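Asker: Take the sequence shown: its position 104, counting from 1, is numbered 104 in the UniProt record's numbering, and each next residue is one higher.
Keep in mind that the hints are not guaranteed to be accurate.
Said to hold, decoys possible - Under the rule of at most 30 Å between Cα atoms (straight-line distance), these lysine-lysine pairs were calculated in the DSS-like manner:
#1 229 with 260
#2 116 with 140
#3 80 with 260
#4 229 with 116
#5 140 with 79
#6 208 with 229
Simulated from the structure, these hints should not be mistaken for lab results. Source: prediction; values computed, not measured.
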Amino acid sequence: MESVIEDTFCEAFEGVCCQLMVTAQDAEFLNRAVNAFTSLPSTVFGDAEGGIVRWLTEKDTIDRRLGAIVQLWVTGTGKKAVAKFYDKLGKRLRQGILVVPTTAVFDYYPNKMDTKFEMMGNVGHCGDGYEEIIEKYERKMISIPIMMGYDFLIDSELSYNKGVMGGNLWLFCDSIDSGIKIGREAVKIIAEIDNVCTTFDVCSAGSKIETNFPEIGPSTNHPYCPTLKGKLSSEVFLVPDGVASIPEIIFNAIDIETIKKTMSSVLEGIVNLNG
Numbered sequence: 001m002e003s004v005i006e007d008t009f010c011e012a013f014e015g016v017c018c019q020l021m022v023t024a025q026d027a028e029f030l031n032r033a034v035n036a037f038t039s040l041p042s043t044v045f046g047d048a049e050g051g052i053v054r055w056l057t058e059k060d061t062i063d064r065r066l067g068a069i070v071q072l073w074v075t076g077t078g079k080k081a082v083a084k085f086y087d088k089l090g091k092r093l094r095q096g097i098l099v100v101p102t103t104a105v106f107d108y109y110p111n112k113m114d115t116k117f118e119m120m121g122n123v124g125h126c127g128d129g130y131e132e133i134i135e136k137y138e139r140k141m142i143s144i145p146i147m148m149g150y151d152f153l154i155d156s157e158l159s160y161n162k163g164v165m166g167g168n169l170w171l172f173c174d175s176i177d178s179g180i181k182i183g184r185e186a187v188k189i190i191a192e193i194d195n196v197c198t199t200f201d202v203c204s205a206g207s208k209i210e211t212n213f214p215e216i217g218p219s220t221n222h223p224y225c226p227t228l229k230g231k232l233s234s235e236v237f238l239v240p241d242g243v244a245s246i247p248e249i250i251f252n253a254i255d256i257e258t259i260k261k262t263m264s265s266v267l268e269g270i271v272n273l274n275g
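Could you put together the complete structure from these sequences and hints?
Answerer: Okay, here's the thing in structure tokens:
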């Protein structure tokens, strides 16, 4: 099947984001914390979505332990969006990371921002009044005593700013196996780019705006479902001949320049792959 890049568009939109470094004593605890913080992308339900920017070795982290750079997002940029973001961020930090043994959290927004959240109110008070502000790693951190036998550390302030959500690519592939292989290669390429995350990794279920069931949110983009061939009219069915799988790659980034760089890097990296 000949490789073709269609000149089209993606419905990117503004959101609010933070970028954090999460560290832990070992890979098992780190994976658990990072997956809990970034799982269940659900901005379509008025919640938050997260993604992994990159995994880090001990030499790359602030406290010289294994780590990862993660992002969290909500849609919109106004006061209501920022207030919602503060709430969702606190919940994911408290229930996704703080409860995982040996973890710590550091602000890792790439630019120095004036917009910051004070984290005492929605994370620090997990110490029930026994928490304190300390100086460590040349930064002010909240130290929260916990039963495991150490103090959970988190930066006292976390930066946030406007960013761009919803960059996306559809990969028209000749089989499910090809879709998985090429989709994974796309995600691998994105993992080498700073300040961008994939919120669904390889997404199997591209959606559309309109739906017959609005109570469940976005539903399947039926004209592009290969298994509906013969069930839809030729006017409605839009899957090209020879295409059997269409994975979607969705990515958020701190600015539009990074969205553009990500899109071009992925296209250049996969356009000549078989499948």
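Asker: Please go over all the hints and tell whether each is borne out by the structure.
Answerer: The hints, checked one at a time:
1. For the suggested pair residue 229 and residue 260, the alpha carbons sit about 33 Å apart, so the restraint of at most 30 Å is broken.
2. Proximity of residue 116 to residue 140 is assessed by CA-CA distance (about 13 Å); at most 30 Å being required, the pair is judged to hold.
3. For the given pair, residue 80 sits about 28 Å from residue 260 by alpha-carbon distance, which is consistent with the 30 Å threshold.
4. Among the hinted pairs, residue 229 with residue 116 is inconsistent with the structure: their alpha-carbon atoms are about 51 Å apart, more than 30 Å.
5. In summary, the hint linking residue 140 to residue 79 is supported, as the alpha carbons are separated by about 26 Å, within the 30 Å threshold.
6. Taking the CA atoms of residue 208 and residue 229, the gap is near 18 Å; set against the 30 Å cutoff, the hint holds.
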